[in-house]
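Chemist: Going down the list, the sequences are from chains A and B.
In terms of this note's numbering, the first sequence opens at residue 1 and continues consecutively.
In terms of this note's numbering, the second sequence opens at residue 1001 and continues consecutively.
If you're looking for bench data, these hints aren't it; they were derived computationally from the structure.
It cannot be assumed that every hint is accurate.
Unchecked claim - Here are the computed lysine to any residue pairs in the SDA-like style, where the Cα-Cα straight-line distance is at most 25 angstroms: (1) Lys1146/B x Arg14/A; (2) Lys12/A x Leu1101/B; (3) Lys15/A x Leu1108/B; (4) Lys2/A x His1143/B; (5) Lys1125/B x Ala18/A; (6) Lys1146/B x Asp380/A; (7) Lys1146/B x Ala18/A; (8) Lys12/A x Ile1028/B.
Claimed, not checked - Over 10 angstroms on every C-beta distance to chain A, these chain B residues come out as not near it, computed from the model: (9) Asn1035; (10) Asp1084; (11) Leu1116.
Since the structure is predicted, the reported quantities are computational estimates derived from the model, not experimental observations.
Even glycine gets a Cβ: it sits at the ideal position worked out from N, Cα and C.
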Amino acid sequence: MKFLPLIWSNLKRRKLRALLTLLSILVAFMLFGLISAIKQALVGGVAMAGLDRLVVRHKVSLIISLPGSYQQSIDKIPGVAGSAHFTWFGGIYQDEARNFFPQMAVVPEEVLAMYPKVILAPEQKQAWLSSRSAAVVGRKTADRFHWKIGDTIPITTAIWTKADGSQLWEFYVAGIFDGQDNATDTTPLWLRYDYFDEGRQYDKGHVGWYVIRVKDPAQAVAVAKRIDDQFANSPAETKTEPEGAFVQSFAKQIGNIGLIAEGIMGAVFFTILLVAGNTMAQSVRERTGELGVLKAIGFTNGQVLCQVMAESCLLAVLGGVLGLGLSWLFILRGDPTNGLLPFFYFPVNDLLTGLGISLALGLATGIFPALQAMRLRVADALRRM
Amino acid sequence: MSENQTSDGALVRVERVEKVFHRGAEDIHVLADLNLQVPAREFLALMGPSGSGKSTLLNLIGGLDRPTQGSVTVGGERIDRLPDRELAQWRARHVGFIFQLYNLMPVLNAERNVELPLLLTHLSKAQRAQHVQTALAVVGLSHRAKHYPRTLSGGEQQRVGIARAIVTDPTLLLCDEPTGDLDRKAGDEILDLLQALNREHGKTIVMVTHDPHASARAVRTVHLDKGQLWSEAQK
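Could you build all of it, start to finish, from the sequences and the hints given here?
Modeler: Pasting the structure below:
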């Protein structure tokens, strides 16, 4: 600690240069934070997906429905612990395209049993069960549209026309659910399947897809094969896959998110490495004589090396902490797309990785100038004062 | 260190020292078969023209460089044999350097500059502050403690340099042209200060200079030319 004023003073030697370098590091780490959150938002569902859950969908396409009668057969297949079905509703609130959020028709008891991390107050669950037109909505969407329990929500869907020819559906908000952690999606609205199925004009008795819970995750592949074999050669053959792969197939529609994110960050950090490295190299070159004085008065080669390393690490970590902090504050404000990125948050692991990278950046940019400073011969250095 | 003088009372003993610098294929003999003893509490002036080897000799005595041949013993210790790390620690404990161009850290104020050698000790912050205050008082600069080098005159900067050299209370002070960059008045003040450190505080001083006016303040003057000691003047 007693060397800190010396290290800090040296950093302030060229204020503008230090400030510009600090800003470039700050911006890089802010970008790192935002890209981490976007990556999390796009592939977060994969991480959320349970290892013990499988998704059964139509073999040809997700948009082709499956018979609702399949559920009884699926539940009897060895290794299946339970099932829930989902049907995509695809509606828009207040007829505004930007008001998109996911809505699905479900059976309340089934879906709550399938996703135990969803938190719904018992009285709200009871209200949902007791009214056919009731729905529950996740906290993010409820906050987004300022909905509260008891509100009636009009939703227009181009997919499901009602028996009377209308496309406007109304749901009563019986509950607002939360997630046990950030990885639980709280953007959907779940409406009751019985109300939906009775009201729609066509495709009655069909569902969008099934989510299956297996008894033993190690047997998931075998169970998936049994399910697909069960419906082979039927009019609606199935494709069963882990829930993670199912979610990932959505994300992969815009490419390999992880690779894209890593590519961008790799380029950014490489550039910053050059910028900060150049700053440190210049800083050491400029004060060769002063380093000679330090050695003359008794600083060892190791102490001079540590001092230069400490300067570069302080600069990089300071920029890193500020950048990560700013991105964290921005991300804390929530999904900037109002619902398109339901998992938009800064994972703690990525935050710690960012801090680690900032330290590594400091070490990498400081090591060569520090070695140069360490190897200086005192008498030679003093001549350059 | 003063307790570790050699049997003949010399604090510094330079014996049969040669120093050769290599510049490409060329060997430059800066010091040749040089012998010198500096008794404890002496104020010695090393005089000679540019390139005579006086700064090189000062560097050898201060452990900033090593002889090509021969030995340098200070306070009974063969410093030419010390490994780099131990030599640095030895310098921190036993030697104070005063440079012609002051060599202060421009980013630190006067008291922080003076404190630098104390950072290598185990003294507490309060103890370091006390030592700094004392050193600045000795050189008469207590009132300029918070000033940065750029706001001090040449003479004041040199006094800060002297305070930095004496703050750890070393026995040996090595001065390389300490008045070379100062006008006569400021130079005289610095020489007064060095004389006082020698007479009143018992510091052994070796001062490189080419100024007869400065060397006149020393107790003994040694002349160097072409790497060899050629005359001595004793008062």
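Chemist: Could you run down the list of hints and mark each one as holding or not?
Modeler: Taking the hints in turn, this is what the structure says about them:
With a C-alpha separation of about 20 angstroms, the suggested pair lysine 1146/B and arginine 14/A falls inside the 25 angstroms cut-off, and the hint holds. As the CA atoms of lysine 12/A and leucine 1101/B are separated by approximately 23 angstroms, the hinted pair is consistent with the 25 angstroms bound. Note on lysine 15/A and leucine 1108/B: the hinted pairing holds, with a Cα-Cα distance of about 14 angstroms set against a maximum of 25 angstroms. Restraint check for lysine 2/A and histidine 1143/B: satisfied, since their Cα atoms lie roughly 24 angstroms apart, inside the 25 angstroms limit.
Of the pairs offered as hints, the one joining lysine 1125/B and alanine 18/A is violated, with about 28 angstroms between alpha carbons and a cut-off of 25 angstroms exceeded. With a C-alpha separation of about 31 angstroms, the suggested pair lysine 1146/B and aspartate 380/A falls outside the 25 angstroms cut-off, and the hint is violated. As the CA atoms of lysine 1146/B and alanine 18/A are separated by approximately 24 angstroms, the hinted pair is consistent with the 25 angstroms bound. A C-alpha spacing of about 41 angstroms is found between lysine 12/A and isoleucine 1028/B, which places the hinted pair above 25 angstroms, so the restraint is violated.
Distance to chain A confirms asparagine 1035/B as a non-interface residue, since its nearest Cβ pair spans about 21 angstroms, more than 10 angstroms. Not every CB of chain A lies more than 10 angstroms from the CB of aspartate 1084/B, the least distance being 6 angstroms, so the non-interface label is violated. For leucine 1116/B, the shortest C-beta to C-beta distance to chain A comes to about 6 angstroms, within the 10 angstroms cut-off, and the non-interface label is violated.
The structure does not agree with the numbered hints 5, 6, 8, 10 and 11 stated previously, though it agrees with the rest.
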